[in-house]
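Given the coordinates of chain A, work out where chain B should sit on it, guided by the hints.
Spelled out, the chains give:
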Amino acid sequence: MFGIATESNAALSLLQELGLAESHLSPNLQALAAADSKYLRDLKINVTNALGTETLNKKEAYLLALSVAANEKVTSLQEAFTAQAIANGATDKEVAEVLACTSLLNANNVYYRFRHFMHEEFYNTAQAGIRMSIMANPVLGKEFFELVSLVVSALNGCELCVTSHEKTLVGHGTTKQRIHDAVRLGAVLKSLTALM
Amino acid sequence: MMSNKVLSLGASFPEFNKKAVVSIEKGKEFYDLSYEEIKNSGKWMVMFWWPKDFTFVCPTEIAEFNKHYPDFADRDAVLVGASTDSEFVHVAWRRDHEDLRGLQFPMLADTSKSLATELGILESEEKVAYRATFIVDPQGIVRWVSMYDLNVGRNVKEVLRVLDALQTDELCPCNWQKGEATLNA
Chain A
71 MFGIATESNA ALSLLQELGL AESHLSPNLQ ALAAADSKYL RDLKINVTNA LGTETLNKKE
131 AYLLALSVAA NEKVTSLQEA FTAQAIANGA TDKEVAEVLA CTSLLNANNV YYRFRHFMHE
191 EFYNTAQAGI RMSIMANPVL GKEFFELVSL VVSALNGCEL CVTSHEKTLV GHGTTKQRIH
251 DAVRLGAVLK SLTALM
Chain B
327 MMSNKVLSLG ASFPEFNKKA VVSIEKGKEF YDLSYEEIKN SGKWMVMFWW PKDFTFVCPT
387 EIAEFNKHYP DFADRDAVLV GASTDSEFVH VAWRRDHEDL RGLQFPMLAD TSKSLATELG
447 ILESEEKVAY RATFIVDPQG IVRWVSMYDL NVGRNVKEVL RVLDALQTDE LCPCNWQKGE
507 ATLNA
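Chains A and B are the protein sequences, given in the same order. Just so we're aligned, residue 71 is where the first sequence starts under my numbering, counting upward by one. Just so we're aligned, residue 327 is where the second sequence starts under my numbering, counting upward by one.
Okay, chain A solo, but in the shape it has when bound:
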């Protein structure tokens, strides 16, 4: 239009937005790009908006994104988000803690989900016996540690975990908008991992 050629490959521009090289173009992304799917541009906008939300600073947004990539086991995204988090001020300790938190929540999500599926006295009163010492004094600060916990729990679908972490966050004074934006970030990035 107007004698200006502007059509670009939407899949490549999505990868660029994420700081990924062309070599990470997955067969799924390739298939959508080949069909000129409108969804690729929607996805790029969703990802940009989710990461650029006002209630999370860039470091927080990329650390949350990192927890999603780790939870969904997408190495390429995990590397890209780690680099972005560090570029925005995250320390190696904080990055490691996000990974630890994601791992621990994977245990808790399965375990507590079982409890709330069963609603049975024995299981509810049994000792969990899962070490959770990293929750005691997180370098990320308790509030942000809770936020990561909530996002991972939402991804893994544990109702008990989601409602508990949400309640704790509200207790910390976290705004509902920040909680909402963190979960939306998790949801949108999970949709991205489905195509990677």
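Hint data in this document are derived by calculation from the structure and do not stem from the laboratory. Positions of the beta carbon are idealized from the N, C-alpha and C atoms, including for glycine. Be a bit skeptical, because a hint or two may be false.
Stated by the list, open to error - Straight-line C-alpha distance at most 20 Å; calculated EDC-like pairs for lysine to aspartate or glutamate: (1) A:Lys108 - B:Asp402; (2) B:Lys378 - B:Asp422; (3) B:Lys483 - A:Glu124.
Said to hold, decoys possible - Pulled a few chain A residues facing chain B out of the computed Cβ check, cut under 10 Å: (4) Ala80; (5) Ser83; (6) Lys108; (7) Asp112; (8) Lys114; (9) Ile115; (10) Thr118; (11) Asn119; (12) Gly122; (13) Arg185.
Chain B alone, transformed into the frame defined by chain A:
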């Protein structure tokens, strides 16, 4: 006492056919841009106006719009910049100013001021356009208008936020509220 009547929400955007600057390359500078062409493309239109070429606030703001050009394209929106300067002034300004050489959107020359008059965005003293921004949907209906005074710069991210909000319909049945009859899509 003069009263300005700005074309507002729900109105049809007026037809136009004017010279626009699309390049600084010799022989490729000018293009006859009509609203009909934009409307026929089935896309949204974001049209932003500034008072005068060769002034200070403008290049910063125009460069900022240009920086976000791909974001408008991603949202199926045609970005158009406009002022009441002639196409020759536009092209001279683009050649003259470093930040304007790589512009990706057409610069409309409303030299007769007919479009600015129809839009109701002319400042009464100098007859130059206020910093007006219009978002027009693919049906040609004005969906958002913002008017800034001559020396006030705009926030392009806010324009994108509004465009997102206008375009984002929650079509998912998960979003049904109790009491709602059907999903209209």
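Against the structure, the hints:
no.: 1; hint: A:Lys108 - B:Asp402; in the structure: holds (10 Å)
no.: 2; hint: B:Lys378 - B:Asp422; in the structure: holds (15 Å)
no.: 3; hint: B:Lys483 - A:Glu124; in the structure: holds (12 Å)
no.: 4; hint: Ala80; in the structure: holds (8 Å)
no.: 5; hint: Ser83; in the structure: holds (7 Å)
no.: 6; hint: Lys108; in the structure: holds (8 Å)
no.: 7; hint: Asp112; in the structure: holds (9 Å)
no.: 8; hint: Lys114; in the structure: holds (6 Å)
no.: 9; hint: Ile115; in the structure: holds (6 Å)
no.: 10; hint: Thr118; in the structure: holds (8 Å)
no.: 11; hint: Asn119; in the structure: holds (7 Å)
no.: 12; hint: Gly122; in the structure: holds (9 Å)
no.: 13; hint: Arg185; in the structure: violated (26 Å)
Comparing the model with each earlier hint shows a violation of hint 13 alone; every other hint is respected.
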